[in-house]
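Just add 20 to wherever you are in the sequence shown, counting from 1, and you've got our numbering.
Do not take every clue at face value.
Each pair of labels, with its calculated beta carbon distance range [said to hold, decoys possible]:
| hint | residue 1 | residue 2 | range |
| --- | --- | --- | --- |
| 1 | E134 | A172 | 48 to 54 Å |
| 2 | R132 | I61 | 19 to 25 Å |
| 3 | Q100 | E134 | 31 to 37 Å |
| 4 | F129 | Q100 | 23 to 29 Å |
| 5 | I61 | K93 | 27 to 33 Å |
By construction, these hints were calculated from the structure, which means they are not laboratory data. These numbers come from a predicted model, not from an experiment. Yeah, the Cβ is synthetic: ideal placement off N, Cα and C, and Gly gets one too.
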Amino acid sequence: MTALTAAQRGTEWLLRWGCPPDCATDHDAPGAPEWHTSHRIETVMRDIDSSLTPEERAQWPWLAAQVVVINDKPQAYGRQTRVWLDFGTSTGELSPTEARQALAELRGFTARLEAVVDAAERTAADDVEGDPEIARLDREADDRRIRAITKACG
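Let the hints inform the model, and build the full structure from the sequences given.
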């Protein structure tokens, strides 16, 4: 179930917590953050970091974003609105202006990415599967070579 926004919770909630209308943080929940967050949007596609296992990649969206407002003691520290842009396990904290620039870059990047994917698809037409038996013999030859070098240096 999606959390209610501050506006849906009502004026008393908005005033009590100092929330912007789209804040989806349940400030009454144990351990709730002091800042305010919108609902997070994320891609269905999961993280693409090839250094992670499939199980690890499944835990994180490829891309996600949400609005975060930090206004604890605004008279002293001010109020800052940020867009948290997540890419896998990393997060970029952007001003709204920087987020708009990132959005423009993404739009331009998609056309260039499509050209790269088109080229990869054409090139992949020549891909072939290796022969497991030849691969086994190659690994055995490497093992023999490494043992001979280790013995000679030993």
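Against the structure, the hints:
| no. | hint | in the structure |
| --- | --- | --- |
| 1 | E134 - A172: 48 to 54 Å | holds, 53 Å |
| 2 | R132 - I61: 19 to 25 Å | holds, 23 Å |
| 3 | Q100 - E134: 31 to 37 Å | holds, 36 Å |
| 4 | F129 - Q100: 23 to 29 Å | holds, 27 Å |
| 5 | I61 - K93: 27 to 33 Å | holds, 29 Å |
Hint check: no violations occur; every hint is consistent with the structure.
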